[in-house]
Amino acid sequence: GAGVSQSPRYKVAKRGQDVALRCDPISGHVSLFWYQQALGQGPEFLTYFQNEAQLDKSGLPSDRFFAERPEGSVSTLKIQRTQQEDSAVYLCASSLARELMNTEAFFGQGTRLTVV
Amino acid sequence: AQSVTQPDIHITVSEGASLELRCNYSYGATPYLFWYVQSPGQGLQLLLKYFSGDTLVQGIKGFEAEFKRSQSSFNLRKPSVHWSDAAEYFCAVGARNTDKLIFGTGTRLQVFP
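Chains as they are written, first to last, in the numbering used here: chain W, 1 to 116; chain S, 1 to 113.
Because the hints were derived from the structure by calculation, they are not lab data.
Since we're looking at a predicted model, the values are computed, not measured.
One thing to keep in mind: the hints can contain errors.
Claimed, not checked - Which chain S residues stay away from chain W? Per the calculated CB distances, all over 10 Å, these:
no., residue
1, 36
2, 42
3, 53
4, 66
5, 81
Claimed, not checked - Some, not all, of what chain W presents toward chain S, calculated at C-beta under 10 Å:
no., residue
6, 20
7, 28
8, 48
9, 62
Ideal Cβ placement from N, Cα and C applies to all residues, glycine included.
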């Protein structure tokens, strides 16, 4: 596709349920980022992949959060045993170059997760 | 630690009026600076970025921003606002040799006809 695609667009989960959020980056983009955007806040970095390698996961808030990109293309963010504080919009971004600062990161529309 | 402050949570302007959105950053060296716009239901779109060189940066949609090292600021400006500019605007900072952006909390722009 022409842009970064995320699915589902909306997800309602019961507290304690596991969820999986998908990101299809722009074809050929090497770098992939996940951000979490709580209501009324700016996006906060979660994790970064360069191809299939997860180079930075310093922003993952707990061990309930797990991200993968096994073939260097599609990425999945998994949240286990969801809690209410996980409610947020999860944004995925991809960029062509190895270093974000040498190119532009293109963002998807996000997945809005609501934990009830 | 790097941080970004956007002092104005909400700004309202009339269509055709000039606009300035404030952004202050905290970083020990010269940072990379970005402005993004987020319309409802849309992803973040890059308006402009500053890495080095000329401190006045031109972006898309008629926006510009000026990097002022002495004030640790990177304010976004537009001489004449259009109704379609109504959106949320985010300033972000990135450190050299890292891969992530630190975003401010955003400024919501409302435009009245």
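Hint-by-hint comparison with the structure:
With 10 Å as the threshold on Cβ separation, the claim that residue 36 of chain S sits away from chain W is violated: the shortest Cβ distance comes to roughly 8 Å. Residue-level check failed: residue 42 of chain S sits 6 Å from the nearest beta carbon of chain W, not beyond 10 Å. Interface exclusion of residue 53 of chain S from chain W stands, the closest Cβ pair being 14 Å apart, more than 10 Å. With a closest Cβ-Cβ approach of about 20 Å to chain W, residue 66 of chain S is found to remain outside the 10 Å limit, as its non-interface label requires.
Once the 10 Å rule is applied to beta carbons, residue 81 of chain S is consistent with being away from chain W; the minimum gap is 22 Å. The interface hint given for residue 20 of chain W is broken, as the beta carbon of that residue sits about 20 Å from the closest beta carbon of chain S, more than 10 Å. Here the hint on residue 28 of chain W is broken, as its CB sits about 18 Å from the closest CB of chain S, past 10 Å. A distance limit of 10 Å between C-beta atoms decides the matter here; for residue 48 of chain W the minimum to chain S is near 5 Å, and the interface restraint holds.
This hint is violated: residue 62 of chain W has a C-beta 18 Å from the nearest C-beta of chain S, more than the 10 Å allowed.
This entry does not satisfy hints 1, 2, 6, 7 and 9, going by the numbered hints stated previously.
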